[in-house]
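In the order they appear, the protein sequences are chains A and B. Counting with the working numbering, you get residues 1 to 218 for the letters of the first sequence. Counting with the working numbering, you get residues 1 to 215 for the letters of the second sequence.
It is worth saying that the hints were derived from the structure and are not from the lab. Positions of the beta carbon are idealized from the N, C-alpha and C atoms, including for glycine. Where hints are given, some of them may not hold.
Per the computed footprint, the stretches of chain A lying under chain B, defined by three or more beta-carbons under 8 Å from a beta-carbon of chain B, are [said to hold, decoys possible]:
{"id": "1", "stretch": "22 to 32"}
{"id": "2", "stretch": "71 to 82"}
{"id": "3", "stretch": "99 to 106"}
{"id": "4", "stretch": "121 to 128"}
{"id": "5", "stretch": "184 to 197"}
Okay, here's what each chain looks like letter by letter:
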Amino acid sequence: MFKLITAAEAAALIKPRNRVAIGGFLAVGAPESIIDAIVAAGIKDLHMIVIASDWEDRGVGKLVVNHCVSSAQVSHMGTNKEIQNQMNSGEMKIELVPQGTLMERVRAFGTGLGGVLTPTGLGTVVAEGKQIINVDGKDYILEPAIPSDFALIKAWKADKDGNLIYRKTARNSNPIMAMAGRITIAEVDEIVETGEIDPEMIVTPGVFVDYIVVKKEV
Amino acid sequence: MALDKRAQIGARIAMELKDGDYVNLGIGLPTEAANHIPEGVRVIFQSENGVMGVGPAPEEGTEDQEMINAGGGFITTLPGASFFDSATSFGIIRGGHIDVTVLGALQVDQEGNLANWMIPGKMTPGMGGAMDLVTGAKKVIVAMEHCDKRGNPKILKQCNLPLTAKGKVSLIITEMAVLEVTPKGLLLKEVTEGFTVEDVVKATEAELIIPEGLA
Chain A
1 MFKLITAAEA
11 AALIKPRNRV
21 AIGGFLAVGA
31 PESIIDAIVA
41 AGIKDLHMIV
51 IASDWEDRGV
61 GKLVVNHCVS
71 SAQVSHMGTN
81 KEIQNQMNSG
91 EMKIELVPQG
101 TLMERVRAFG
111 TGLGGVLTPT
121 GLGTVVAEGK
131 QIINVDGKDY
141 ILEPAIPSDF
151 ALIKAWKADK
161 DGNLIYRKTA
171 RNSNPIMAMA
181 GRITIAEVDE
191 IVETGEIDPE
201 MIVTPGVFVD
211 YIVVKKEV
Chain B
1 MALDKRAQIG
11 ARIAMELKDG
21 DYVNLGIGLP
31 TEAANHIPEG
41 VRVIFQSENG
51 VMGVGPAPEE
61 GTEDQEMINA
71 GGGFITTLPG
81 ASFFDSATSF
91 GIIRGGHIDV
101 TVLGALQVDQ
111 EGNLANWMIP
121 GKMTPGMGGA
131 MDLVTGAKKV
141 IVAMEHCDKR
151 GNPKILKQCN
161 LPLTAKGKVS
171 LIITEMAVLE
181 VTPKGLLLKE
191 VTEGFTVEDV
201 VKATEAELII
211 PEGLA
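Please build the complete structure, drawing on both the sequences and the hints.
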């Protein structure tokens, strides 16, 4: 069962060189309170697993601008010049991963799989150095699972059993990341009584959730 | 790009979309197609961040901060819309459930290869969802300006930028022409009014198959 903590307490759990999978897409559905707390705590040298590097002043872009991150697995950086600068200067090590592949590799780790077979990236630099496996006459790239120490996610509501629901396009990578952290910390807008959310509506069962932070109103 | 050029390309893309198609439009120029769907044709638009049934942009002042498309623009949803997580979204894409995807390109070549995610040493936006879209969609259309900003051809014999996918593009739509990737090579299907076949040949590096009688 989850424990209720503050954003600062969440940040205090995270140590340099930890691998951190963070939910959100262009900062929509990003756990902003936890991200701000990591910046405030001055944690450095994190490995970040994200769909996109977001904006310089929103989402995980703040972690980049404040030099909290030294390496990343990411699929899109087009909205954040700073991460491209840090990559070009050698400060940041980047593995670019196709978005669908990134999601499956993260999900694989969370669901006990060693990896996935995907046709995405065949004939491109993504396939270089990777094992190609033929199944029923079709080639696939063997893409290994991506492990993470922490998953930091944003949900709309939690109930007191840690069951989560999401809102509109703020769902995005959050339910996938939620499964994949050795420790999962969910930031939510509010916590409601158990039973208030119809079990049919629950997207992330509370079994995946270790800590909950209630979002700070800005 | 001039507004009329955008509208013209958008209208031409829209002609490729059939009633009942599930369609993913890439960021930028391809989104223009949504403004040109003929009346009576229902096309269901996906955005890969996790929504099917995307509607028009909201009126100013009614934006929902948690309703965006993959380009970060605010959206509305139409009746019948659904939200889902990113793995499901790319399952839809990779699994061949999208009928048509339309993307921009830095380069495309006569073998249907596409490059649209990095210029080494210059810019690395990353592939985002493009590699999955091009790999999984039933039909891949490239919509772009025929030449780059300096007037250099973007339709080449062979792409020299890092590829997004190999041999997946089936149709290229520009302000000058419509070209189809066939097993025999790149077929010049249509030339836009105001241009000649010679104009297109001059602006294209790839070898073209030019049918007799094409004006």
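Claimed coverage, the stretch 99 to 106 of chain A by chain B - three or more beta carbons nearer than 8 Å: Since three or more residues must qualify, the claim that chain B covers the stretch 99 to 106 of chain A holds, with 5 doing so at under 8 Å.
Outcome, coverage of the stretch 121 to 128 of chain A by chain B - at least 3 residues whose beta-carbon is closer than 8 Å to one in that chain: With 6 residues close enough to chain B, the hint holds.
Verdict on chain B covering the stretch 71 to 82 of chain A, where coverage means 3 or more residues with a C-beta closer than 8 Å: holds (count 6)
Residues of the stretch 22 to 32 of chain A with Cβ under 8 Å from chain B, three needed, outcome: Result for this restraint: holds, n = 4.
Within 8 Å of chain B (C-beta), three or more residues of the stretch 184 to 197 of chain A: violated (count 0)
Of the numbered hints given earlier, the model fails hint 5 alone.
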